[in-house]
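Novice: Residues per chain are reported as follows:
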Amino acid sequence: MTVLDVNSGDTAWILTSAALVLLMTPGLALFYGGMVRAKTVLNMMMMSFGALCLIAVTWVLFGYSIAFGNDVGGGLLGNPLEFLGLKGLMADTGSSLPSMAFVGFQAVFAIITVALISGAIADRAKFGTWMIFALIWSTLVYFPVAHWVFAFDSSDGSVVGGWVANRLKAIDFAGGTAVHINAGAAGLALALVLGKRIGWRRDPMRPHNLPLVMIGAGLLWFGWFGFNAGSALAANNSAAIVWVNTLTATGAAALGWLLTERIRDKHATSLGAASGVVAGLVAITPSCSSVSPIGAILLGGIAGVVCALAVGLKYKLGFDDSLDVVGVHLVGGLWGTIAVGFFATKGAPAGVDGLLYGGGFDQLWRQVVGAVSVMVFSFVMAYAIGFALEKTIGFRVSEETERTGIDEVEHAESAYDFGTIAGGLRAGFSGGAPSTPKSHDTTKRDQEVTA
Amino acid sequence: MKLVTAIIKPHMLDETKTALEAFGIEGMTVSEASGFGRQRGHTEVYRGAEYTVDLVPKLRLEVLVDDGDAADIVDVLVKSARTGRIGDGKVWTTSVDDVVRVRTGERGLDAL
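From first to last, the protein sequence lines stand for chains S and H.
Going by numbering that gives the first Met the number 0, the first residue of the first sequence is number 0, and it counts up by one from there.
Going by numbering that gives the first Met the number 0, the first residue of the second sequence is number 0, and it counts up by one from there.
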């Protein structure tokens with residue numbers, strides 16, 4: 000075995016990328032938080048932050064091992080015990096990238112995937128149940144699917160990875176299946192389990208703060224460069240091509256969404272621009288290493304149009320996917336993954352020709368099988384887990400809580416101070432609160448005024 | 000004494016306030032309000048879904064004045080708050096029986 004020195008350039012880029020991707024989850028919290036009503040913004044943001052904190056711990060304890068341990072079942076599951084608690088990964092293994100850099104980079108993917116789901120159940124989920132769902136779903140669905148898609152066989156055959164990456168050979172560069180289709184299908188399942196919000200389609204449920212949505216979309220775009228270009232796992236030509244494709248497809252998708260809105264609704268909206276950005280980022284995620292920049296423009300532009308039309312599905316089919324996790328992530332992820340079968344070109348780093356480049360149907364069917372497998376598995380599992388939680392500890396808040404606003408009841412907080420007629424500090428506060436102002440203070444002030 | 004009340008567009012406040020000060024009023028009260036007139040509200044579009052917003056944000060502006068000034072102040076308000084577009088608001092006057100300045104106990108015109 001050749002012992003390599005750690006490549007400081009690659010390592011610096013991957014650690015930086017990991018930090019960029021981590022920022023996407025607080026970015027998502029802003030993106031989602033701005034889209035809900037003022038009375039539920041904190042709960043919306045807390046679902047993202049809760050996922051972040053929880054998965055940061057479970058990934059280290061057993062998640063990484065399930066995803067990247069040596070295969071123990073036909074490409075479906077990594078050995079959960081091999082890297083339990085990241086054992087053995089602190090040693091310098093003589094590879095160009097430290098194991099821990101890869102551990103950290105992959106951790107943030109798991110985090111944002113779980114957080115993405117929460118958009119489908121805005122305004123009506125118990126925070127505690129959400130956290131338990133996040134724990135169970137990530138363990139039973141995300142970690143195994145990450146193994147299917149991201150765990151590659153080692154060249155010497157000593158390590159066996161997942162079936163999608165190695166047997167099926169579907170191309171999913173940065174997680175169109177593992178992240179977006181996975182989260183989108185789970186979001187759809189939970190939207191069905193929890194049901195529609197009170198007053199859905201009757202009461203206005205307008206976004207309460209579009210500037211927050213725009214800031215969130217901006218942070219998502221920024222972090223996504225780490226998400227995609229970092230997935231090259233090196234600071235090289237492939238990362239650079241992916242970076243440019245990520246820029247190009249996203250711009251084209253936002254233009255596509257805005258054009259669709261302008262024609263259909265007569266207005267190009269800021270929410271449309273932010274949504275188009277996310278749709279483009281989702282669609283280019285699986286395909287960014289397999290298309291040319293021109294291919295990325297076409298792929299992204301179509302993604303913008305398709306996702307803008309797809310968000311209307313919930314009204315036609317009657318499910319309350321509150322923040323369009325299905326319309327943007329599931330549909331965008333399906334399009335981006337399947338589009339690889341059409342737009343892939345040998346000139347790109349992945350080195351495969353799709354249907355439009357004379358490669359025939361070979362790559363296309365692989366993409367379809369990979370996408371559909373993840374979608375069905377995630378939907379069925381999320382529905383079962385969500386249903387079981389709803390029937391046992393309850394997933395949806397009470398009607399009264401939903402009407403009052405979930406922030407006040409679940410978190411004992413409110414995002415904004417709408418008036419000055421607020422109550423004083425409660426006497427007997429367990430933290431040893433100061434008592435109410437002494438009466439002599441008032442007397443003294445009165446004396447000063449009358450003097 | 001009269002209470003002149005005006006419902007105006009929020010972005011017309013500065014202009015209206017300046018005009019009233021130039022006229023010589025001693026004080027005013029401004030509060031946030033929302034409502035609609037004959038034209039109703041407007042339509043907003045979010046991801047293709049249309050929402051009718053009936054209750055439009057407005058400002059309620061109140062000035063307590065001497066009977067003799069009331070008509071002129073109404074004119075100042077109407078002139079300064081007008082954009083000529085729909086939703087400019089309304090101005091009305093009501094009779095006031097008595098006014099007391101809380102700090103000194105002065106009543107009537109002395110309290111204005």
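Bear in mind the hints are in silico, worked out from the structure with no lab data behind them.
Computed from a predicted structure; not experimentally measured.
Where is the CB? At the ideal position from N, CA and C, for every residue including glycine.
Hints may be right or wrong, so weigh each one.
Unchecked claim - Some but not every residue of chain S turned toward chain H, in silico, with C-beta under 10 angstroms:
1) Asn-208
2) Leu-258
3) Arg-263
Claimed, not checked - Heads up, simulated DSSO-like pairs for lysine-lysine below, C-alpha to C-alpha not over 30 angstroms straight-line:
4) S:Lys-265 with H:Lys-78
5) H:Lys-8 with S:Lys-38
6) H:Lys-78 with H:Lys-89
Novice: Compare the structure with each hint and give your call.
Specialist: Status of the hints after comparison with the structure:
no., hint, result
1, Asn-208, "12 angstroms, violated"
2, Leu-258, "13 angstroms, violated"
3, Arg-263, "7 angstroms, holds"
4, S:Lys-265 with H:Lys-78, "34 angstroms, violated"
5, H:Lys-8 with S:Lys-38, "26 angstroms, holds"
6, H:Lys-78 with H:Lys-89, "12 angstroms, holds"
Hint compliance for this structure: hints 1, 2 and 4 are broken, all remaining hints hold.
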